[in-house]
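Visitor: Make a model of the complete structure from these sequences and hints.
Which chain is which? The protein sequence lines are A, B and C, in order.
Sequential numbering from 3 applies to the first sequence in our numbering.
Sequential numbering from 10 applies to the second sequence in our numbering.
Sequential numbering from 13 applies to the third sequence in our numbering.
Among the hints, erroneous ones may be present.
As the list claims (entries may be wrong) - Simulated crosslink set (DSSO-like; lysine-lysine; CA at most 30 Å straight-line):
no.: 1; chain 1: C; residue 1: Lys204; chain 2: B; residue 2: Lys132
no.: 2; chain 1: C; residue 1: Lys292; chain 2: C; residue 2: Lys208
no.: 3; chain 1: B; residue 1: Lys14; chain 2: C; residue 2: Lys208
no.: 4; chain 1: C; residue 1: Lys24; chain 2: B; residue 2: Lys173
no.: 5; chain 1: C; residue 1: Lys207; chain 2: B; residue 2: Lys130
no.: 6; chain 1: C; residue 1: Lys456; chain 2: A; residue 2: Lys163
no.: 7; chain 1: C; residue 1: Lys208; chain 2: B; residue 2: Lys132
no.: 8; chain 1: B; residue 1: Lys14; chain 2: C; residue 2: Lys204
no.: 9; chain 1: B; residue 1: Lys173; chain 2: C; residue 2: Lys201
no.: 10; chain 1: B; residue 1: Lys130; chain 2: C; residue 2: Lys204
no.: 11; chain 1: A; residue 1: Lys376; chain 2: C; residue 2: Lys310
no.: 12; chain 1: C; residue 1: Lys24; chain 2: A; residue 2: Lys163
no.: 13; chain 1: C; residue 1: Lys372; chain 2: C; residue 2: Lys310
no.: 14; chain 1: A; residue 1: Lys163; chain 2: C; residue 2: Lys310
no.: 15; chain 1: C; residue 1: Lys207; chain 2: B; residue 2: Lys132
no.: 16; chain 1: C; residue 1: Lys43; chain 2: C; residue 2: Lys292
Note that these hints are calculated values from the structure, not bench results.
Here is what each chain is made of, one letter per residue.
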Amino acid sequence: MEEQFIFRKQYRNILIVLMVVAFLVALTAVFAFRPGASRIWANILLNNQFFLGIALGAAFFIAVNRVAMSGWHTIIQRLPEAMTSFIPVAFILMLLIFFGMNSIYHWSHYEGYDEVLEGKKAWLNIPFFFTRIVLYFTGWIAFTWMMRKNSESLMISSDLKYHNRRKIFAGLYLVFFAITVSASSWDWIMSLDPHWYSTIFGWYVLISMFVTSLAFIIILAWFLKRAGYLTQLRDDHVHDLAILLFAFSIFWSYEWYAEYFLIWYGHLPEETTYYITRLNEYKAIFYLNIGINFIVPFFGLIRVRSKRNLNWVAMVATVVIIGHWIDYWLMIMPGAAGGDSAIGLLEISMTILYAGLFIFVLFRSLARGLLIIKNDPLLDESLSYES
Amino acid sequence: MDSPKYISVFFDDEDPLREAVRKLLESKETIIDVMTPFPVHGIDKLLSIKRSRIPIGGFIFGILGATLAFGFMTWVFTVSYPLIIGGKPFFAVPSFIPITFEMTVLFSGLAMAAAFFVRSKLKPDIRFNPVEERITDNMFVILVDTGNGNTTPQKIRSILSGIKTLEIRE
Amino acid sequence: MFQSPLRNPLIKGKKSYQDVTSQLLDPMVNKAGKLWYMGITLSGGAMMFGLFMIFWTIWQGIGTWGENRTVGWALEITTFVWWIGIGHAGTFISAILLLFRQRWRNSINRSAEAMTLIAVACAALFPLIHLGRPLLTFFIFPYPNTRLLWVNFNSPLVWDVFAISTYFTISLIFWYVGLIPDIATLRDKLTKGIKKSVYNFLSFSWKGSARDWHRHEITSIMLAAIATPLVLSVHSIVSMDFATSILPGWHTTIFPPYFVAGAIFSGFAMVLTLLIITRKALGLEDFITIEHVESMNKILIATGSIVGLAYITEIFMSWYSGVEYEHYALMNRVTGPYWWAYWIMVICNVGSAQILWIKKLRTNLWFTFFLSIIINIGMWFERFVIIVTSLHRDFLTSSWTMYKPTIVEYGLLIGTLGIFFTAFLLFIRIFPVISIFEVKSILKTEGAYSANKELNHG
Chain A
3 MEEQFIFRKQ YRNILIVLMV VAFLVALTAV FAFRPGASRI WANILLNNQF
53 FLGIALGAAF FIAVNRVAMS GWHTIIQRLP EAMTSFIPVA FILMLLIFFG
103 MNSIYHWSHY EGYDEVLEGK KAWLNIPFFF TRIVLYFTGW IAFTWMMRKN
153 SESLMISSDL KYHNRRKIFA GLYLVFFAIT VSASSWDWIM SLDPHWYSTI
203 FGWYVLISMF VTSLAFIIIL AWFLKRAGYL TQLRDDHVHD LAILLFAFSI
253 FWSYEWYAEY FLIWYGHLPE ETTYYITRLN EYKAIFYLNI GINFIVPFFG
303 LIRVRSKRNL NWVAMVATVV IIGHWIDYWL MIMPGAAGGD SAIGLLEISM
353 TILYAGLFIF VLFRSLARGL LIIKNDPLLD ESLSYES
Chain B
10 MDSPKYISVF FDDEDPLREA VRKLLESKET IIDVMTPFPV HGIDKLLSIK
60 RSRIPIGGFI FGILGATLAF GFMTWVFTVS YPLIIGGKPF FAVPSFIPIT
110 FEMTVLFSGL AMAAAFFVRS KLKPDIRFNP VEERITDNMF VILVDTGNGN
160 TTPQKIRSIL SGIKTLEIRE
Chain C
13 MFQSPLRNPL IKGKKSYQDV TSQLLDPMVN KAGKLWYMGI TLSGGAMMFG
63 LFMIFWTIWQ GIGTWGENRT VGWALEITTF VWWIGIGHAG TFISAILLLF
113 RQRWRNSINR SAEAMTLIAV ACAALFPLIH LGRPLLTFFI FPYPNTRLLW
163 VNFNSPLVWD VFAISTYFTI SLIFWYVGLI PDIATLRDKL TKGIKKSVYN
213 FLSFSWKGSA RDWHRHEITS IMLAAIATPL VLSVHSIVSM DFATSILPGW
263 HTTIFPPYFV AGAIFSGFAM VLTLLIITRK ALGLEDFITI EHVESMNKIL
313 IATGSIVGLA YITEIFMSWY SGVEYEHYAL MNRVTGPYWW AYWIMVICNV
363 GSAQILWIKK LRTNLWFTFF LSIIINIGMW FERFVIIVTS LHRDFLTSSW
413 TMYKPTIVEY GLLIGTLGIF FTAFLLFIRI FPVISIFEVK SILKTEGAYS
463 ANKELNHG
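Guide: Okay, here's the thing in structure tokens:
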């Protein structure tokens, strides 16, 4: 029970090599294929958003479980907690976008008079935009830092006050998260198509984040179990994780459908432009998106047997993560890079670079303290959990 | 006199019940049935009850419902009486989804409920008399096969010594 | 499976299985008290009034209502959506909480499901009576006919028909399948007479066999599994009645999940209204504890906050869109002639949900009861605001009108409330309000130290 994750030199080296190689490949792709500045910055935004989403969604997972006083997740709670350590890194990377504003955000530098954009100037202007970035991240970093610190206290002391505090943090985080994820998605993604709007957009991004986080937690759990950790993680816990992945993939599909269908049905030109670009120029990717993110988890996880097999669930989770990367690509690239968009060497290498960074930061955080928080009062429930 | 068909063993709680089932199975007794006021955790596994195939039936009927609904609407709007409504195409797939989904759920649910009633042989019967009325209240019962007189109450009593039973009778 | 001592017991008092049975069968076995008769007289009266108004509508025509050419939909569809929304809590408790293994649902799911059935039935009245010629209702079903016409499958109103009939059917099946073991308990408790024969008939020869229980559990979980997406889809389809239009304030992509969240919000409020009274009247405080009330209040906080978030989103987006019609739709809601309805909605829905963060209030029965009524009023006004304000002033200013409901319409609202409470009062005398076998199944693990245990350790 005194399990502690050790960030072995071996892992460290693999990750560093991976990041360096990916960086070099990306550099090569830039010089060999000469993509426009828009595409490069769009990639940075895409990966920022994707991995930040995983970190924020992980915090959401923890918060929801704590508010609901659920016992079963206690055994793995350090996994999503460690994932949240990426948020400060994402903050810095997001601030970098300042240098690429003109390349991807058309509202920051349009010529002539655009009535629609003039109307939005009060919200879409660079100073306010970055003030908001600072506000969002300050809150996110503060909450997740408090959560992690609280867990560290619980590792040493079994004072119930640390357990009680968690519910309060969790509740506050949920409110802050809901509002800021909506607002940040309007800022960072929806404004890429500045003439377009959709009220469900914030919620759609929220669910994408959550599903991706769930998938990542599952893959991380699979990795740790294979490496010999988490020996007490049983089929029963895997079952519940798989149920969540299954259910929320369906919920994501429902939100995708709600947005697409209502815009299709209403047939209003100011709304349909979004889908017309994507259907005309990226048809295959468009259908791949809904196919992977709905059909694979639905049919892959519908049987009880499939839900209890960690290897199988991790495989489905991997497909889902790739699928949601494609989902973000569809949201971001056509608006940011326009005709320059593609899925090529640049995209893949940059994603691998970010992934390496994410996992590096994650492992460092995971290694700080026990893997299973032994003083958590709900731990016994989790260890004896049957489902 | 005909030998009785089964021996009933009564309990007032689930833990002795589980113990008894285990002991009886170890002694190779044939358990005809176990009756309880609520589903007791673990009994399914002990009695090796195979997982019901009702969900599979539900899935198949759901697919059937989906196909019927989608197919019917497609036929209506593309072959039978195509009408341009609100500028929508004839084969309006997004529009068909709500009803297709509802029919999937309807067929699936009806099929599973029907399968449940049929497989459990549940039917309204005004003259039904239960084995023991207190089963639905607080009594847990194991029905053991007498095996043509091989198994007697005394034998069962000795197998189950140490477990709190309330009554053993033919 | 271990239960942390941090959790409060879900069933208080050291009960035995027999105690559970007799306490929960009490209202069916014994005579009703004065309170019940008073209640049913009141709701019966309201019901009679409503039934007369329905008759009057069909006899005299839709002209007895206040709708006019611009405001074609108003009180009736508001009340319709309100009732469907209330019904969603029942399925949420029965199905979704079952899938999330929340054991506290076991004492409230039976009445919540019954509430769903009654609420959906009340809602279904409105599509029937708002047709100009209700006797021709069967036109809405696709059957081969001499008019050589099919229904318009592109229309959300047709989807409504399928969605609500499916919802009612599946809810009924789910409720009844769960009820069978309890009817068997009732059958065995009664000794003779017509009552026993009727319950015998309804119990479908249930004998409590392990194999039957196994199938019963699997069927219940599977029905829960399909009822969950059904709940989401039904209220989404109802929201599409509005969202598929092009009216500002109606055509907005957030409607499906926003309506679903609002539905669960108002539904839980109604469950609380009903159960706080029922638990006191039938002496079921040991089964429906403060913990249950608090858990339901937490769900109110969550769904109420989602509704609040939707309000913020809509306000922001109506400005952000840059569309002047969207701007005006919002301004009209907040400051126009129906501003009072808008502010009732905001205060009752947002204020109520947020005030429940205070634990003292969450665990206070009187306050919860009072708040649950406030929430339902707020949610009724939400639908009213959405429907009437978007309709009465849309694109063409020369068509702007006002809407004033008539006594007949108020009568319909009161009447459905009468039907609802009458049916619920009848329900508690006919069927067990709490799922007996489900409570017994958690008695040992989640109840207070059980009497039987003491006997065994003797």
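Visitor: Look at each hint and say if it fits the structure.
Guide: Hints versus structure:
| no. | hint | result |
| --- | --- | --- |
| 1 | Lys204/C x Lys132/B | holds (21 Å) |
| 2 | Lys292/C x Lys208/C | holds (28 Å) |
| 3 | Lys14/B x Lys208/C | holds (28 Å) |
| 4 | Lys24/C x Lys173/B | holds (26 Å) |
| 5 | Lys207/C x Lys130/B | holds (23 Å) |
| 6 | Lys456/C x Lys163/A | holds (29 Å) |
| 7 | Lys208/C x Lys132/B | holds (16 Å) |
| 8 | Lys14/B x Lys204/C | holds (28 Å) |
| 9 | Lys173/B x Lys201/C | holds (25 Å) |
| 10 | Lys130/B x Lys204/C | holds (25 Å) |
| 11 | Lys376/A x Lys310/C | holds (28 Å) |
| 12 | Lys24/C x Lys163/A | holds (26 Å) |
| 13 | Lys372/C x Lys310/C | holds (13 Å) |
| 14 | Lys163/A x Lys310/C | holds (21 Å) |
| 15 | Lys207/C x Lys132/B | holds (18 Å) |
| 16 | Lys43/C x Lys292/C | holds (17 Å) |
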